[in-house]
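Mind docking chain B on chain A? Use the hints.
Here is how the chains run, residue by residue.
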Amino acid sequence: MKRFTLTLLLFISCSQYLPADTARIAVSSNFTIAAQKLALLFEQTSTHTIQVSSGSTGKLYIQIRQGAPFDLLLAADMERPQRLFDEGYANTAAFIYATGKLVLWSRDLAEVSSGLDVLKSKAIRRLAIANPKTAPYGKAAQQVLDNSISSPYPWTLVKGDNIAQTYQFAASGNADAAFVARAQIALDQRGYAWDVPQSLYLPIHQGALLLKRGDNNPAAHAFYRFLQTDKAKSVIQHYGYISQ
Amino acid sequence: MLDAILLTLKLATLTTLILLILGIPLAWWLAQSRGLFKDMIATLVSMPLVLPPTVLGFYLLIALGPDSPLGQLLTSIFGAPLTFTFSGLVIGSVIFSLPFMVQPLRNTFESIGSRPLEVAATLRASPLDTFFSVVLPLSRQGLLTGSIMTFVHTLGEFGVVLMIGGNISGETKVLSIAMYDYVESLEWGKAHLIAGGMLCFSFIVILSVTLMERNSRKGSRL
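Read top to bottom, the protein sequences are chains A and B. Numbering of the first sequence is given in the UniProt record's numbering, commencing with residue 1 and proceeding in unit increments. Numbering of the second sequence is given in the UniProt record's numbering, commencing with residue 1 and proceeding in unit increments.
In short, the hints are calculated from the structure, not lab data. Among the clues, some could well be false.
[Stated by the list, open to error] Some, not all, of what chain A presents toward chain B, calculated at C-beta under 7 Å:
(1) Gly58
(2) Lys59
(3) Arg125
(4) Lys133
(5) Thr134
(6) Val158
(7) Lys159
(8) Ser172
(9) Gly173
(10) Asn174
[Unchecked claim] Part of the chain B face toward chain A, derived, beta carbon under 10 Å:
(11) Gly65
(12) Asn167
(13) Glu171
(14) Lys173
The structure displayed is predicted, hence computed values, not measured ones. Cβ atoms here follow ideal geometry from the backbone N, Cα and C, with glycine treated the same way.
Chain A on its own, in the form it takes in the complex (with noise of 0.2 Å):
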């Protein structure tokens, strides 16, 4: 009980006490994993901390235009890191820090590695994408789905709140396939991808935006600059990522 107590008291002071170098970074969905990795080889040279909060894009976008205290922003676009920039939000525009790639995802179905065609069979129930509203990702997918399949489309369209939970909703067999960023099954060996050809959709380029609440910040900054270099490419490369 006593030991109890002080690790309480001590969780308590600590985050109380936030030490002065803690970057808070926003996300896009697609890029979370990539950045909790960036970040614990970011704390393994540096006194800084680093803290991930991921959401849809457009999410992220509103919730900084509405004071969240983000230092830095990891959009999965160029457009709102622009706009944040147009509206005040930052001193410094966007740099891109990541150009993503879609594939079409089945947990189950092995046809879905020889490419669209699968959409047209009646293999696919449901086709899960991100909301083309708020997420990147989900855009390009509608950019797919526009270019090559004629609607009424023969499946049900269901779409996630972000890229995460369009592909849980494939991961967890409740939908049939989904498009998803290449960075979320780059580590997983379940299941059949398939790279869908980049004529199909707008390049995905990701802009990386340092916000005016991180330019006081020296984590934030450092973090920044962390991001522009090679081990730090390399690492977003790893991912499924295009990273000059």
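Same frame as chain A, but now just chain B:
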């Protein structure tokens, strides 16, 4: 938006009807019996009041999905898993709103006491007859409160639908989800319309329930 309004009303109406059918016998049984088993069932019924909707949503996602035995059974009956369907939402809403129907009903049934039942029995009414011609008419207030609370509570459902709905227009995109969608995509004009509408609607409904309860109490005193 009209889609979402109609769908939400349909979901709330169906949930209320199903819960009336399930809730009346359940609440009657809870009001009449004693013992640990009853207490355990009563506890289970109240659980949705305190559980986060995400817990319920998570279990439903697994239970109704194609990997669970129940999900497989339902899939073979309905042809497809019930997740992302209107029927799935009805199941979720019924569980989610269960205490809102059962609690007021149970309170009214208990407040009737045993006296009217004994009188009915001496007049040779069968238990079933007693229930329909004595208990139910005396429980008008509880039936009304339970139905209205269930109805409005279903209108306010969000977390469960977000987890098992899949945001499909005309199927699972209820008002609360449409509202969330409008906020997230910066269409705040439409979001205001839904938010304001629901605010007024729930205010009127809860106020009417309060006024009706007061009137009926006055009535019973006379």
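These are the hints, each one checked on the structure:
{"no.": "1", "hint": "Gly58", "in the structure": "holds (5 Å)"}
{"no.": "2", "hint": "Lys59", "in the structure": "holds (6 Å)"}
{"no.": "3", "hint": "Arg125", "in the structure": "holds (5 Å)"}
{"no.": "4", "hint": "Lys133", "in the structure": "holds (4 Å)"}
{"no.": "5", "hint": "Thr134", "in the structure": "holds (5 Å)"}
{"no.": "6", "hint": "Val158", "in the structure": "holds (4 Å)"}
{"no.": "7", "hint": "Lys159", "in the structure": "holds (4 Å)"}
{"no.": "8", "hint": "Ser172", "in the structure": "holds (6 Å)"}
{"no.": "9", "hint": "Gly173", "in the structure": "holds (5 Å)"}
{"no.": "10", "hint": "Asn174", "in the structure": "holds (4 Å)"}
{"no.": "11", "hint": "Gly65", "in the structure": "holds (5 Å)"}
{"no.": "12", "hint": "Asn167", "in the structure": "holds (4 Å)"}
{"no.": "13", "hint": "Glu171", "in the structure": "holds (8 Å)"}
{"no.": "14", "hint": "Lys173", "in the structure": "holds (9 Å)"}
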